[in-house]
Amino acid sequence: MTQSSFRGSLGIRHLVCGSCNGCEHEMNALNNAYYDITRDGWDIVASPRHADVITVTGPMTVAMRAAAEQTVDAVPLPRVVVAIGDCAAGVGPWAGAPEAGEGAGVELEAAIFVHGCPPTPDAIRSGLEEAGTILSRGDVARAVKDQKRER
Amino acid sequence: MSGPSHELDVSAFERGVSAECESGVPLGAYASSDAVHYLFLGARGAFALERPHADGRAATAFSATFPLFSWDEREMRDEWNVRFADLPDPRPLRGQDGRMPDALLATGGGLMHMVVGPVHAGIIEPGRFTFSSGGETVVHLDAQLSYSHRGVERHLCGTDALEAAAGVARICGSCSASRSLAYAQALEQLAGIELDPGVELARLVVVELERVYNHLADLAASAAGAGWGPGFARGMALKERAMRACRLGGGHRLLFDAIVPGGVGPSTLREPSELRATLRVLASSAEHYFAALFGNPSVVARWERAGVVSRKMARAFGAVGPASRASGGKIDVRAFAPYGAYRRIRVDAATAASGDAFARCCVKRDELRGSFRAIDEALAQLGDARPSAPKMPRLGPGAAIGVVEGPRGAETVAVHVDDRGRLSRLHVISASYRNWPIVAAAMDGNIVPDFPLVNKSFNLCYACADR
Chain A
3 MTQSSFRGSL GIRHLVCGSC NGCEHEMNAL NNAYYDITRD GWDIVASPRH ADVITVTGPM
63 TVAMRAAAEQ TVDAVPLPRV VVAIGDCAAG VGPWAGAPEA GEGAGVELEA AIFVHGCPPT
123 PDAIRSGLEE AGTILSRGDV ARAVKDQKRE R
Chain B
121 MSGPSHELDV SAFERGVSAE CESGVPLGAY ASSDAVHYLF LGARGAFALE RPHADGRAAT
181 AFSATFPLFS WDEREMRDEW NVRFADLPDP RPLRGQDGRM PDALLATGGG LMHMVVGPVH
241 AGIIEPGRFT FSSGGETVVH LDAQLSYSHR GVERHLCGTD ALEAAAGVAR ICGSCSASRS
301 LAYAQALEQL AGIELDPGVE LARLVVVELE RVYNHLADLA ASAAGAGWGP GFARGMALKE
361 RAMRACRLGG GHRLLFDAIV PGGVGPSTLR EPSELRATLR VLASSAEHYF AALFGNPSVV
421 ARWERAGVVS RKMARAFGAV GPASRASGGK IDVRAFAPYG AYRRIRVDAA TAASGDAFAR
481 CCVKRDELRG SFRAIDEALA QLGDARPSAP KMPRLGPGAA IGVVEGPRGA ETVAVHVDDR
541 GRLSRLHVIS ASYRNWPIVA AAMDGNIVPD FPLVNKSFNL CYACADR
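So the sequence lines, in the order shown, correspond to chains A and B. Numbering of the first sequence is given in the numbering used here, commencing with residue 3 and proceeding in unit increments. Numbering of the second sequence is given in the numbering used here, commencing with residue 121 and proceeding in unit increments.
Worth double-checking, as some hints may not be accurate.
Computed from the model, here is a short list of chain A residues facing chain B with C-beta under 8 Å [what the hints assert, rightly or not]:
no.	residue
1	L17
2	M29
3	N30
4	A48
5	H52
6	P61
7	T63
8	A68
9	A69
10	T73
11	P100
12	A102
Just so you have them, the derived chain B footprint on chain A, three or more residues with Cβ under 8 Å [what the hints assert, rightly or not]:
no.	region
13	110 to 124
14	128 to 138
Read the hints as simulated data drawn from the structure, not as lab findings. Note that the Cβ used here is the ideal one computed from N, Cα and C, for glycine as well.
Chain A on its own, in the form it takes in the complex (with noise of 0.2 Å):
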């Protein structure tokens, strides 16, 4: 097979940062049959050695901030943070909680942003489509400037 064939093709590990699960529970409906990733080449993979794209959730919490590192530095590069729900963001209910973060996404330079509490999956998947544009214009890098321009 060539190149081309796998073109828009992801790879998409997710990561919980301190989530209440609830972005969980949309990012699992990605792969129920009413909105079906795999049919456009898209894949939830085991392990982060396999990712493209990492999806993370959650304000980030004290325990989990090294796993969450060490996660995305396992991620090959290119690789694009795409952050879900408004935790993640840094706005959710537990922005300034004793042992929260700045958001998952912040902390770990997401490149995209999909805000809601917790995001519908037509969100999550329009935000999975940016992510691939992203990747295959080759630009990550801009991208999270731009993000944190933004901020």
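Please build the complex by placing chain B on the supplied structure of chain A, with the hints as guidance.
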């Protein structure tokens, strides 16, 4: 629901807690700045036995006799400086500064150790599981959670108790509506108000919808654990339909803010007749699903004898909900201490005796049937009447306990409110917090590859256990 709290001298306190643990229904324990509170469920609701802890005396660790308090008492020591003379497990309950305490290992000839987590394959929450096994056979499993510990109780303290409801609804996505109801009950009790029957019926619909989407997901996951892909796919499609019904009935796919102090949210039950029709079709699809799932001998064979919890063990660890009722337990808060609309619409406790994954799936199937029936009955009684808008007076100072039967068992919320209507202490005892130790214990003698199956037959949350 809450009864009175009883502040007692030391010997009466110790006798009382022991007697309630022997013959009553323990819910858990927590500390506030000046007292320790042990919570129990009576036929008229929850009540607390209390004694001061700042008197310099070391407190008795009840977990030495009743292991169900192990997590509660470690948490009381770690976070509220309660001194215990003799805690059986002296390790901190949670990681500290990002470091998890050492796992408890079984050692001996031929035993090996395997650590899994906190990051797992698949879309699940973080936890660290340390297996001690002889070959494939698990001798001991130590489940260490707390990676989702955000400090939600301390974060919400000092905020207006009514405004904190939105935060309480977001402690855990999977049992949000049940916790919102327990929290609302506690505040309404402090305010001394009664609700319209229509509002109580609407709340019953909301929390039963929560049970429906959770139990359907649990059955689907249990099919996956048994290796039956089509059973997983069909179950998850049903769960999606249930989540859409939640949006229709509660205005949110996970029912966030569908129940608020003093009533229900503005999006709750806007289209009752459409919801009723939708759920009748869903209930019928669920029956077809049950027939396929429970009629599949290879699925049932995998469920049977997997993760057995004896009646004795379930009681010792204080298991609640389906985890207890699948092992012969009889307590369902809805039937044992009926609250709200459950006083008029009776729900029978679903039970099973074998204590394995099969029994837990049977209990959830039977509860799904009961939920569909209860919702249909509530919607019939409501007719086209819209629930009235929430009414909540200003709160005076005091403490109260709310407890409801969530999808995973008793969801308990204790609140202390100061004289300006702000939370001075909030404590959440989730069904998952109660049940996690029993999941670890259920693995003894099972093989390592059966962990997903055993785990999914409980399908507990981490977020509300870690808080």
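Verification of the supplied hints:
1. Interface restraint check: A/L17 against chain B, minimum CB-CB distance 7 Å, threshold 8 Å, status holds.
2. Restraint check, A/M29 versus chain B: the minimum CB separation of about 5 Å is within 8 Å; hint holds.
3. Given the 8 Å rule on beta carbons, the hint for A/N30 holds: about 5 Å separates it from the nearest Cβ of chain B.
4. Hint status for A/A48: holds, given a least beta-carbon distance of 4 Å to chain B, under 8 Å.
5. The closest approach between the C-beta of A/H52 and any C-beta of chain B is roughly 10 Å, which is over the 8 Å cut-off, so the hint fails.
6. With a least beta-carbon distance of about 6 Å to chain B, the hint placing A/P61 at the interface is held under the 8 Å criterion.
7. Against a cut-off of 8 Å between C-beta atoms, the interface hint on A/T63 holds, since the closest Cβ of chain B lies about 6 Å away.
8. Interface restraint check for A/A68: the shortest CB-CB distance to chain B comes to about 6 Å, inside 8 Å, so the restraint holds.
9. With 8 Å as the threshold, the beta carbon of A/A69 comes within range of chain B, its nearest partner Cβ sitting at about 5 Å, so the hint holds.
10. A distance limit of 8 Å between C-beta atoms decides the matter here; for A/T73 the minimum to chain B is near 5 Å, and the interface restraint holds.
11. Interface hint at A/P100: satisfied, since its Cβ lies 4 Å from the closest Cβ of chain B, which is below the 8 Å cut-off.
12. At its closest, the beta carbon of A/A102 sits 4 Å from a beta carbon of chain B; the interface hint therefore holds under the 8 Å criterion.
13. Under the rule that three or more residues need a Cβ within less than 8 Å of chain B, the assignment of the region 110 to 124 of chain A holds, with 3 such residues.
14. Counting residues of the region 128 to 138 of chain A whose C-beta lies closer than 8 Å to any C-beta of chain B gives 0; at least three are required, and the coverage claim is violated.
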